[in-house]
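*Asks:* Knowing the structure of chain F, use the given hints to seat chain A on it.
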Amino acid sequence: MSSDMISIAASGAKAARAALDITAQNIANASTEGYVRRTVNLSEMSAVDSRASFGDVSQFGVRVTGIIRNADAFLQTEVRRTNSDVSRANTLVSGLTNINDAVENSGVFSSITNYQTALSKLTASPTDSSLRANVVEAARTMAQSFNVAHASLASAQSGQQENASAGVAQMNDLAANLAQLNLRISSDTDPQNNRATLLDQRDSILQQMSTLGDIKTTFSDNHTVKVTMGGASPITLADTDGTTNTLAMATSASDGTISFTLGGSALSLSGGSLAGQQQVLTSAATANTTLNGIADALMSAVNTNQTSGADLTGATGTAMFSGSGAGGMTLALTSGSQLATAPSGSAAKSQIATNLTSLQSSLSSVDIAGQMNDLMFSLSSAVAGNTTTRDALQSIASNAKTTLATQAGVDLDTETANLVRYQQAFQASGKVIQVSSTLFDQLLRL
Amino acid sequence: MTNVSTSAFYESAIFNMTKLRESTNKLQMQLSTSSKLTHSYDDPLAAAQMRAMQAADTLSTADTANTNAAKTQLTQTDDTLSEFATVVSQLQTLATQAANGTLNTSDRAALGTQIASYYQNLVSLANTKDSSGNALFGGQGNGDAYTTDASGNLTYNGTASASTLALGPGLSVTTGVTGPEFLNFTGADGTAKNLLSVVKNLAATLKDPSTTSAAGIAAAQSGMKDLNAGLESISTSQTIVGARVAWINTTSTMQTQIATQRSTNEASTGGTDYAATAALLSQQMTVLSAAQASFMKVANLSLMTYLN
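If you read the sequences in order, they're chains F and A.
Start counting the first sequence at 1; every next residue gets the next number (our numbering).
Start counting the second sequence at 447; every next residue gets the next number (our numbering).
If we strip away everything but chain F, and leave its shape as in the complex, we get (with noise of 0.2 Å):
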């Protein structure tokens, strides 16, 4: 009888043993990302059909029968779900705002108008070498500020492309993980084991995958999770039985916007980092043959006027730039007195100035510096639009995660509350070992 109650004291302080254990664990990993608190699953140890004659005890105390994970299935998929919209609007809205002050901090919205101005103090005298000096220094400010609007342009591009194709390798990285950890949670069948810090792993990994791109999972009854990408057509990028398909990356050389295929297919993606990244580098490419165009047409209208007219000397005027499009745009006079402001057949020394004024209407019709404030306007909005977008989705991610916290995180009061109990509870076992051990010593003295 006694040695019963020995054994029964004993599994109950083992039982507290354990319950104390994962109350530890869950105060040790109260601010980890990602870990779901702990609870033990307690059950009674009994006999029904016990042999023993009537009155006897056929309870054997209680054991630990598994170790509960406190996580919502779909609070999960909902954070991960947001947290895709977030970090590609996250992505979308840094690299817009890369582009906006590539284009804006190159200053060539106020190098046009300087440009403009000048031509128009050399109209007050158009044979004036400091004034004609004037607008060739302010063609080449504004040359220079069209090739750093390109240059800033190129290198926030290369930057999106490079953290494109860092965030593809850590993509499959996070796929060849999932797949092991797949195998391993199959073949975990013990219910006392470590299953629950695999799930967290499991868990921790589709987080990532989620930053990245926007997956879709499919849950097996042994645990074990499938991630599909895209939408309409999905394609397994891990799948339950450990087998993975490779995410790619093509960047093209025209205009380096990137592509993704799965598996050798052709992926579209509308979530994660990588969906933000595409999106950013399409901006990019369209901000860049803008800024292009409106360089040629600039170079255009410049050089086209340049030889029609006459310059100091009274010969046919040559182009005033050389190159192409933003990057290559350079300024070929070397000296004022190349300036063709008067009509073509002048003599030397011409003051009279109908071609500079022929340059000024074309130049304000074709309204370049009209068209680079369009093009700074589409560019500050597209941030502006995308933040407000992204403000909503963060807020929404925000409350899916803290709603997820609240169900699955730690609450240190309840922790210390388990604590209180579980010591109580281990003291008591220790005191029933006690007492049924006085009633053994008082059974031998007899």
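These are calculated hints, taken from the structure and not from any lab test.
None of the values given here were measured: they were computed from a predicted structure.
The reader is advised that the hints may include incorrect statements.
Said to hold, decoys possible - Simulated crosslink set (DSSO-like; lysine-lysine; CA at most 30 Å straight-line):
#1 F:349 with A:743
#2 F:216 with F:226
#3 A:743 with A:472
#4 A:517 with F:349
#5 A:517 with A:465
#6 A:671 with A:653
Stated by the list, open to error - Example chain A residues on the side facing chain F (calculated, C-beta under 10 Å, incomplete):
#7 453
#8 457
#9 498
#10 500
#11 502
#12 578
#13 621
#14 735
#15 736
#16 737
#17 740
All C-beta atoms, glycine included, are put in the ideal place defined by N, C-alpha and C.
*Replies:* Just chain A now, kept in the frame of chain F:
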């Protein structure tokens, strides 16, 4: 029972306080830069308008410079025309003297010499250079306005009209008068005359020893009439120049008004509304300090404190 997760509590507290910090930071930036727009994506439309207005500001500096240049040019033109008028009125005195019947031929020849030297003055006045070294009365031509050929005849080398300078959108002014515009006039006899050749011919006639007294008097008298007509032509041109200077003054007043209007627009489009921003900032700061204080209080509220 709802489980209050510790990490969720910290996370949401951090999220909210960061948001508050960001918005106070933004308000502080607006106050310290006196501009609502730190980045153009804060308000893309306002930023685009600001760019257009700042471009107009830059372009208007050229208008101001051109206005000043035109004014200098016209003032110099006016001064030189006055010089012309002075010389012509002196020539009128000399011509009046020469028309006097009591003078003998040699006296008239002496007056002719004097007139000839005034003629040289007139020629150099007609070839006056402007501040940038171009002929003041040569229109848009280059080099001297008038050149003298081997036989001593004057030829006009400039263009038919003076250059026109733009002073801003839709505004322009002709920055001078050409020589022919005021030196050519219709003489008393109804024929086209040139002041310089009138003076030159008068001097030549008076100086010529073969000129008879009667012929000399007749020449001096017709010269007086022509000089009168010439003086009238000069003062007409001076009136025109004066009107242009007045137009320039009107233009600069308009430019100043437009610039003032633009800076008012700039201030309302992109400038900080100090009163509203400062009030908003103090409100945000109250909310932030309340959030911080309550966070510290709640964060300290843990059962752990009571374990011993």
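*Asks:* Take the C-alpha atoms of residue 517 (chain A) and residue 349 (chain F), compute the straight-line distance between them, and say whether it is at most 30 Å.
*Replies:* 23 Å, holds
*Asks:* Against chain F, run the beta carbon of residue 498 (chain A) and see if the smallest gap drops under 10 Å.
*Replies:* 6 Å, holds
*Asks:* With a cut-off of 10 Å, does the beta carbon of residue 736 (chain A) approach a beta carbon of chain F closely enough for the hint to hold?
*Replies:* 21 Å, violated
*Asks:* For a C-alpha distance cap of 30 Å, please report whether residue 743 (chain A) and residue 472 (chain A) respect it.
*Replies:* Cα-Cα ~27 Å, so holds.
*Asks:* Take a quick look at whether residue 671 (chain A) and residue 653 (chain A) sit within 30 Å of each other, Cα to Cα.
*Replies:* 19 Å, holds
*Asks:* Answer holds if the nearest beta-carbon of chain F is closer than 10 Å to that of residue 737 (chain A); otherwise answer violated.
*Replies:* Residue 737 (chain A) check fails; min Cβ-Cβ to chain F is 16 Å, beyond 10 Å.
*Asks:* Just to be careful: measuring from the Cβ of residue 735 (chain A) to every Cβ in chain F, is the smallest value less than 10 Å?
*Replies:* 23 Å, violated
*Asks:* Measure nothing beyond the straight line between the CA atoms of residue 216 (chain F) and residue 226 (chain F); if it is 30 Å or shorter, mark the hint as holding.
*Replies:* Roughly 8 Å separates the two Cα atoms, so the pair holds.
*Asks:* Checking hints one by one. Is residue 500 (chain A) an interface residue toward chain F, by the C-beta closer than 10 Å rule?
*Replies:* With a closest approach of 7 Å, the residue 500 (chain A) hint holds.
*Asks:* Residue 621 (chain A) was flagged as interface toward chain F. Is the shortest Cβ-Cβ separation under 10 Å?
*Replies:* 8 Å, holds
*Asks:* Take the shortest C-beta to C-beta distance between residue 502 (chain A) and chain F; is it under 10 Å?
*Replies:* Cβ of residue 502 (chain A) sits 9 Å from chain F, so the hint holds.
*Asks:* Does the nearest C-beta of chain F fall within a distance shorter than 10 Å of the C-beta of residue 457 (chain A)?
*Replies:* This interface hint holds because 7 Å falls under the 10 Å limit.
This entry does not satisfy hints 1, 5, 14, 15, 16 and 17, going by the numbered hints stated previously.
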